[in-house]
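S.K.: Here's the letter readout for the chains.
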Amino acid sequence: MVVKFGFCIDFYYSFLDPNNFCPLRGINCFISMNFITFHFLMKKLQDDIANTDLVIWDNFRNGSESAFKRIYTDHYEALFNYGVKIINHEDLVKDSIQELFVELWSKKGTIGHTNSIRFYLLKSIKRKIIYKHNKNQSIHARILGMEYDFQLTYSIEDKIIEEQNAETKKCEVAALLNQLSKRQKEAIYLKFYNQLDYEQIASVMEINIQSVRTLIHEALKRMKEISQK
Amino acid sequence: MKNLRNVDDFVNNEQFVEWVLRPNEQSDQYWNNWMTMHPESEIEIKEAADLVRSFKVQEKNISYEEIMANYDQMAAELSESKANQTISTSRRQWLKYAASILLTGSIALAIFLSYKGEISSEFDQEAKLIEKEVPAGQKNTLKLADGSIIKLNAQSLLKFPERFEEDRRVVYLTGEAFFDIAEDKDRPFIIKTDKLETVVLGTSFNIKAYERDRSIQIAVISGTVKVQYQDAQPISTLTRKEMITYDTKTDDVAVSTFSDEINIIGWKDGILTFNRAGFDLVKEELSKWYGVEIIVRTDVNMGKGFTGKFENSSLETVLNGIAYVGNFKFKIDDKKNKVIIY
Numbered sequence: 001m002v003v004k005f006g007f008c009i010d011f012y013y014s015f016l017d018p019n020n021f022c023p024l025r026g027i028n029c030f031i032s033m034n035f036i037t038f039h040f041l042m043k044k045l046q047d048d049i050a051n052t053d054l055v056i057w058d059n060f061r062n063g064s065e066s067a068f069k070r071i072y073t074d075h076y077e078a079l080f081n082y083g084v085k086i087i088n089h090e091d092l093v094k095d096s097i098q099e100l101f102v103e104l105w106s107k108k109g110t111i112g113h114t115n116s117i118r119f120y121l122l123k124s125i126k127r128k129i130i131y132k133h134n135k136n137q138s139i140h141a142r143i144l145g146m147e148y149d150f151q152l153t154y155s156i157e158d159k160i161i162e163e164q165n166a167e168t169k170k171c172e173v174a175a176l177l178n179q180l181s182k183r184q185k186e187a188i189y190l191k192f193y194n195q196l197d198y199e200q201i202a203s204v205m206e207i208n209i210q211s212v213r214t215l216i217h218e219a220l221k222r223m224k225e226i227s228q229k
Numbered sequence: 001m002k003n004l005r006n007v008d009d010f011v012n013n014e015q016f017v018e019w020v021l022r023p024n025e026q027s028d029q030y031w032n033n034w035m036t037m038h039p040e041s042e043i044e045i046k047e048a049a050d051l052v053r054s055f056k057v058q059e060k061n062i063s064y065e066e067i068m069a070n071y072d073q074m075a076a077e078l079s080e081s082k083a084n085q086t087i088s089t090s091r092r093q094w095l096k097y098a099a100s101i102l103l104t105g106s107i108a109l110a111i112f113l114s115y116k117g118e119i120s121s122e123f124d125q126e127a128k129l130i131e132k133e134v135p136a137g138q139k140n141t142l143k144l145a146d147g148s149i150i151k152l153n154a155q156s157l158l159k160f161p162e163r164f165e166e167d168r169r170v171v172y173l174t175g176e177a178f179f180d181i182a183e184d185k186d187r188p189f190i191i192k193t194d195k196l197e198t199v200v201l202g203t204s205f206n207i208k209a210y211e212r213d214r215s216i217q218i219a220v221i222s223g224t225v226k227v228q229y230q231d232a233q234p235i236s237t238l239t240r241k242e243m244i245t246y247d248t249k250t251d252d253v254a255v256s257t258f259s260d261e262i263n264i265i266g267w268k269d270g271i272l273t274f275n276r277a278g279f280d281l282v283k284e285e286l287s288k289w290y291g292v293e294i295i296v297r298t299d300v301n302m303g304k305g306f307t308g309k310f311e312n313s314s315l316e317t318v319l320n321g322i323a324y325v326g327n328f329k330f331k332i333d334d335k336k337n338k339v340i341i342y
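Quick note, the sequences are listed as chains A and B, same order.
With my numbering as the guide, the letters of the first sequence map in order to residues 1 to 229.
With my numbering as the guide, the letters of the second sequence map in order to residues 1 to 342.
FYI, nobody ran anything at the bench for these hints, they're computed from the structure.
Watch out, some of these pointers could steer you wrong.
[To be verified] Chain B residues, not near chain A, derived (Cβ > 12 Å throughout):
1) E42
2) M74
3) S256
4) T257
5) I271
6) L281
7) T307
8) G308
9) K338
[Claimed, not checked] Label-pair ranges, simulated between beta-carbon atoms:
10) B:D72 to A:T214: 40 to 46 Å
11) B:R214 to A:E90: 45 to 51 Å
12) A:N208 to B:D72: 37 to 43 Å
13) B:G291 to A:A175: 55 to 61 Å
[What the hints assert, rightly or not] Taking lysine-lysine pairs in the DSBU-like style, the calculated list, with each CA pair at most 30 Å apart, reads:
14) A:K224 to B:K132
15) B:K159 to A:K108
16) B:K226 to A:K135
17) B:K195 to B:K132
If you're wondering where the values come from, they're calculated on a predicted model, not measured in any experiment.
Don't be surprised by glycine CBs; every beta carbon is placed ideally from N, CA and C.
Chain A with its partners taken away, still in its complex shape (with noise of 0.2 Å):
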């Protein structure tokens, strides 16, 4: 029986771990495996469960303190990053996320599951951001639907410019970056820089997938041209 699992075990990291096991060697190894490896292998992939955003988020719903902490921690600079991005005040930005988290945890029994809490704090935070900024505005300068803006200041690295006059050629750069559209900037971002997949960015920016797919392409495409030169 522990011989049994100890090779499916290894199996299953084989595919886990980067390194890579080749799982002929697990067969080498099962042999020699005994009751402590097993154990040990058990907790690990206990480990890795738990820090599944799925656990966490579940956690802090059920009212555990230490994982809403742990939400916060992990996600604020983020949250912050994204947020100024999208109106460009730093102070709004972080009362947002203020509010955002004690309405969290004021709403937690009533929340449901995730297993990306990276994107379900994205999208609801874009949504505190413009609602309090809509909230200060007359009513021509509000926000409405998708229309707000998205500012990335790039900094373009000296290794792509390899030439003399380096200075225009970042100008160059940096004015060919600007031409991606607000959406092209956004969608890269939300891949780039936050690891959310086609359905969390159609969700965060309220579009549907085949435009984020066109949105990504073309942005893509640009990028290739730019680092090209």
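Assemble chain B onto chain A, guided by the hints.
M.R.: Relative to the frame of chain A, chain B by itself:
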């Protein structure tokens, strides 16, 4: 690790992108190791890294100490609002009574809403939508939670949440509807129709967006609406007596004014109008309006098209009018909801 062969594989690999944009000791070690083990991918890796790096942006790094300080501050706010909750629950009871007594229900409703007692939909990941479908031959009027009144034409579908969210009111329409939106300065009303969005604050207007039609038509009776693409590119702001016609295939947009309101919104009062309509259009309209299947056994020539207005008329009356112009005979089979034209 999955097979990483071409540039796209690398660009789509989350760990690779993360390493290029925000390298750390662990990922450096891992990827340098990987590159040593796969020298054949050197060119692809360089290309992919250059591509990803072209999107490197300035990000603010917030220290752990600062984050913890913010957390403590937020936790302090939490315990404050916890203390207030015991007071507010008894207030909520009183307000529930007040809401039913007060004639100006909207004011009481606004106060009740601010306690956020039952409203959880803001943070629900999947908004539960109610679907209201109107088949051919019928029209239907809905009143939404915010007091907005929406009249749906035949063969239309409206999806809307049970409770609107705190910061906006969103509904989804296929088909045609007339909107009379309750004013709410803090919550724009957004109607999504396929590729377009119509954003309003408080106003009355008509939207025609049937799937089978090539065009989406939005006409304003009173107030102002903003029409834009799904991804927020604005198209136009419309006001009273203005309308927009958007061709879904060519993306063409035409903004025009209209003088005859009846043509646009007559349907909601039972007024069926035709304006130089060809036979195909007539067939379609009748089929939708009366919920009948129309079988044509002869060629019908409508000449310059049929123009007419019928107010709350029966199918027979309408067909009589059209048959005169089109020079055909018809037979109505009530039981089977069929009309035969011969």
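S.K.: Which numbered hints does this structure break?
M.R.: 2, 14
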